[in-house]
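**Q** Chains as they are written, first to last, in the numbering used here: chain P, 1 to 71; chain L, 1001 to 1481; chain E, 2001 to 2094.
The set of hints was computed from the structure by calculation and includes no laboratory data.
Any given hint might turn out to be false.
Okay, derived cross-link-like pairs now, DSS-like style, lysine-lysine, Cα gap no bigger than 25 Å in a straight line [unchecked claim]:
1. E:K2084 x P:K31
2. P:K9 x E:K2084
3. P:K31 x E:K2066
4. P:K31 x E:K2071
5. P:K9 x E:K2052
6. E:K2026 x P:K67
7. E:K2026 x E:K2084
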Amino acid sequence: MHDISNLEKEGLPGVFVASGPFIDAAETQSKAVGIDVSRIFVDHPIQDRTDEEMIALADSAFDDLVKALTQ
Amino acid sequence: MAKHADGYELKDGISVVVNSECPTCQLTSDLLVELGTNGHVEIFSQDDPSFPTSAEWVHDDSELSFSWHNDVEAVPTLIRVVNGKEVERLAGWNRKEWERLLEMENLAPDLIDHKPGCGSLSVSPDRVDELEIKFGGRTFISRQVAIASLEDEMEAMHDRGWSDGLPVVPPTEARVNRMLAGTSRNSDDIVAIIPPNLAECSVEKVAINAVMAGCLPEYLPVVIACLEAICTDEFNMHGVLATTMGVGPIFIVSGPITERLGMNSGINVLGHGNRANSTIGRAVQLVLKNVGGGAPGGIDRATLGHMGKQGFCFAEAPSPWENLAEGFGFSSEQNTVTAFTGEGPRILVDQKSRNPESLARSLADGLRSTISTRMVLGMDAMLVISPEHLSRFTDAGWSRSQFIEKMTELLMVDTDEIIEGAGGIEDGIPSAFGGNQLPKFRPGGLLVVHAGGPAGLFSAIIGGWLNGAKGSDPVTKEITL
Amino acid sequence: MNQTLSVLDPTSEDRSPEIQLSERIKGIEGSTIGLLDISKPRGDVFLNQLEKRLTEHGATVLRFMKPTFTKPAPVDLRYEISSKCDAVIEALAD
């Protein structure tokens, strides 16, 4: 999140992806750094997913990611 | 039960202001309890409504309203009120004085005779600004912007586009409140309409940017006068911003105010290092950018620019000659600022001329090439003449008007030398003007200002921009405190 | 350090005082998109699929990796990303 906020300040549009439980922390951190960074959340957990499940997660997030970068 | 000291009106009788941290208040607490219980005093407690005891006659002044409104500077303070008016007050513990004011005898015989009081919380440095804003009736018209908790407060200024490239002082309410004390004008008075966005600029907006620039409150009237000068049709600030020629407003302050503010008119006068010189000019530029929207890269497309566009302000030094403002019809006793559109200064050296005629010639030589040797009449210039150079003329008894007359004579240009193609240079005035003599500057187009350190046979030339209706003319404004 | 500071707006207030996000890109096709891996396990699988999809949509994809997920990306990595890419996606935090 700090990476994206730093990059935004440096002029590069960005978005970061995190898993569900991170939503509140991301909200708080976003307020704390003073930029409403674009963020997408995917289902938790991540660590014990199979490759197929990770690929599906990526696919499910894809459209939202494109929107976050272009709109 | 303590009553909240909402009001601050003085009631008849004796009011005592205390706080629980003060050793003198602690020393006298038993006595105060006795006096209060017997109806002789009402107590206002600044930090603990149960000090010296919980009672109906102990009022909670933790908001410091009673203390602030009644100018309490020390604790304990006793105030005697008769028919609604204060007739006497005491600070600290002094048996004889307390006995006199209370019209009692033999007070607290086992206490020492006297002990000085402590500072009142209402004048504590860390509370003063907050209280003044709360009770002093200051309301701000500008919007508040919250800096997020993880933001570095200095970076936050840059991140919002409020800086001119250098760090700026965060404009907190307390700082802006202090700055506004530097002027008697109302904070919502409109000072000027700022180009290019033609935004209304209040005294408060000027104060905010003056805080950011690092000004002291006493500089604020000068900053206001600078803005009044440049936001005129004659000065044409919009044109000055939009030209690719890279000129900027230069402010010359005249009058007794220059000494009072500690402005620099001497060594390194056109340089850095003096707070008033540096921050007044900078505050004006910040207003242009933040309020007017006139930023480099936007409307400001200057090819080269110069460092003075960060802020360029100096004081002229008194001399036997009339000063710049007098030349524009003001008296030397008036405080004024003259705004002139110009480039960065160029040094003119002459370390050998003793004779005023000779020095005049060498100054004219330098002035002839101002902006371009090929340009006449269309642009003004400023000559900043140093003390040593000036003395060449004043020692020989020359007046300012004699000097100007001589310079005008020496600055007549043979047009054959400056028409297009002359000397193999394509630039120049139309050839139809050949075979003539034209003055380099229009009447009044050479402004002479005396400033600089006492040693150094140098003067400086500051070339101007286009003058007249299509350009910018110098404007002088009086400074109102 | 953690107190919020309040300041007065020095501008003419014709726009929001909040820090603005950078301008978005026009579209994926023809853009160079950086994928920044925050270096947590399994993130690479996620990013590999994003790379596949983005490339299918006509983007050029560049891959970057943070040295450690425990600290913000160092300034030279950020410079590399912003000078080479039109936009960036960072993943995957859990």
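**Q** Compare the structure with each hint and give your call.
**A** Here is how each hint holds up against the structure:
Using a Cα cut-off of 25 Å, the hinted pair E:K2084 and P:K31 is violated, with the two alpha carbons roughly 29 Å apart. Simply put, P:K9 and E:K2084 have alpha-carbon atoms about 16 Å apart, close enough for the 25 Å limit, and the pair holds. Restraint check for P:K31 and E:K2066: satisfied, since their Cα atoms lie roughly 24 Å apart, inside the 25 Å limit. Between P:K31 and E:K2071 the CA atoms are separated by roughly 19 Å; this keeps the pair inside 25 Å, and the hint holds.
The suggested pairing of P:K9 with E:K2052 is violated, with an alpha-carbon distance near 28 Å, which exceeds 25 Å. At most 25 Å may separate the alpha-carbon atoms for a hinted pair to count; E:K2026 and P:K67 meet this at roughly 10 Å. Proximity of E:K2026 to E:K2084 is assessed by CA-CA distance (about 17 Å); at most 25 Å being required, the pair is judged to hold.
Of the hints listed earlier, those the structure fails to meet are numbers 1, 5, in rising order.
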